[in-house]
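Just so you know, the protein sequences line up as chains A and B, in that order.
My numbering numbers the first residue of the first sequence as 1 and each following residue consecutively.
My numbering numbers the first residue of the second sequence as 123 and each following residue consecutively.
Accuracy of the hints is not assured; some may be wrong.
Straight-line Cα separation of at most 30 Å, DSSO-like style, residue types lysine-lysine; simulated pairs [unchecked claim]:
| id | chain 1 | residue 1 | chain 2 | residue 2 |
| --- | --- | --- | --- | --- |
| 1 | A | Lys-57 | A | Lys-90 |
| 2 | B | Lys-179 | A | Lys-84 |
| 3 | A | Lys-57 | B | Lys-206 |
Beta-carbon label-pair distances, calculated as ranges [what the hints assert, rightly or not]:
| id | chain 1 | residue 1 | chain 2 | residue 2 | range |
| --- | --- | --- | --- | --- | --- |
| 4 | B | Pro-167 | A | Pro-103 | 27 to 35 Å |
| 5 | A | Thr-101 | B | Glu-219 | 52 to 60 Å |
| 6 | A | Pro-74 | B | Ser-154 | 49 to 57 Å |
| 7 | A | Thr-73 | B | Thr-204 | 52 to 60 Å |
| 8 | B | Asp-168 | A | Thr-73 | 47 to 55 Å |
| 9 | B | Glu-161 | A | Asp-83 | 37 to 45 Å |
These stretches of chain A come out as covered by chain B in the derived footprint (C-beta under 8 Å, 3 or more residues) [as the list claims (entries may be wrong)]:
| id | stretch |
| --- | --- |
| 10 | 24–30 |
| 11 | 37–45 |
| 12 | 74–80 |
| 13 | 92–103 |
Hints in this document: simulated from the structure, not taken from any laboratory.
Owing to the predicted nature of the structure, the values given are computational and were not obtained by experimental measurement.
Even for Gly, the Cβ is constructed at its ideal location relative to N, Cα and C.
Number of protein chains: 2
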Amino acid sequence: MQHNSHFCPYFHRAVEFIGKRWSGSIVREMLSGPRRFTELRGAIPDISDRMLCARLKGLEQEGIVERRVYAETPVRVEYQLTDKGRALEKVFAAIGEWADTWPGCGGSPAGGRADTDDPGAA
Amino acid sequence: MQHNSHFCPYFHRAVEFIGKRWSGSIVREMLSGPRRFTELRGAIPDISDRMLCARLKGLEQEGIVERRVYAETPVRVEYQLTDKGRALEKVFAAIGEWADTWPGCGGSPAGGRADTDDPGAA
Chain A
1 MQHNSHFCPY FHRAVEFIGK RWSGSIVREM LSGPRRFTEL RGAIPDISDR
51 MLCARLKGLE QEGIVERRVY AETPVRVEYQ LTDKGRALEK VFAAIGEWAD
101 TWPGCGGSPA GGRADTDDPG AA
Chain B
123 MQHNSHFCPY FHRAVEFIGK RWSGSIVREM LSGPRRFTEL RGAIPDISDR
173 MLCARLKGLE QEGIVERRVY AETPVRVEYQ LTDKGRALEK VFAAIGEWAD
223 TWPGCGGSPA GGRADTDDPG AA
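This is chain A alone, in the form it adopts within the complex (with noise of 0.2 Å):
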């Protein structure tokens, strides 16, 4: 496993891609299959419609999940990952690991995730 001490802006972009609010937890719902809109917001607690509906469409933007309509009645959508997303299935497995070995970071789900630099830091 290499690690050389180059700044990688691939990495940098993917991390924070994956680690974007909500986005990881809405993935790794979809990793067991395709999910309607009402599902996904049943299934992640605290999720309000505007930012699900706004996290969906970044995900679908970078190619990770396709919105599939179908033309029945009433009309079915569902969301499903594409092959670039199935392909973050390793990255969660070992991100699930490192958390349940490690439990407890990150503070509180909503805690820690303001952008802004700590006000006490110098």
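Following the hints, position chain B against chain A.
The following block gives chain B in isolation, referenced to the frame of chain A:
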């Protein structure tokens, strides 16, 4: 590799903590050994002293990074990963592999990191 469809708060916290702005790249830099503050700042483009300071404090509080002070003249201060921090190597290797396979994720390095809702999303 098991994925149940239950929301996992440990996973949720871990993925968002790892993905917090700059944290991933700071930890990645330390995977190859202890670093001084100035070395970290030099290795990570565009990070401010203030942000690096705040992130290092956060990583210390989470038990991922350890700050060591050597009583030399002048005093030498180094940051290094704890066991918990080094355990992220597997996670980062998986993210690196994914980023190499699917490059270009996340837009510009500074892009798309606001935690506010997308104003365009309904």
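Going through the hints against the structure:
no.	hint	in the structure
1	A:Lys-57 with A:Lys-90	holds, 23 Å
2	B:Lys-179 with A:Lys-84	violated, 34 Å
3	A:Lys-57 with B:Lys-206	violated, 34 Å
4	B:Pro-167 with A:Pro-103: 27 to 35 Å	holds, 33 Å
5	A:Thr-101 with B:Glu-219: 52 to 60 Å	violated, 20 Å
6	A:Pro-74 with B:Ser-154: 49 to 57 Å	holds, 55 Å
7	A:Thr-73 with B:Thr-204: 52 to 60 Å	holds, 57 Å
8	B:Asp-168 with A:Thr-73: 47 to 55 Å	holds, 52 Å
9	B:Glu-161 with A:Asp-83: 37 to 45 Å	holds, 38 Å
10	24–30	holds (count 4)
11	37–45	holds (count 3)
12	74–80	violated (count 0)
13	92–103	holds (count 12)
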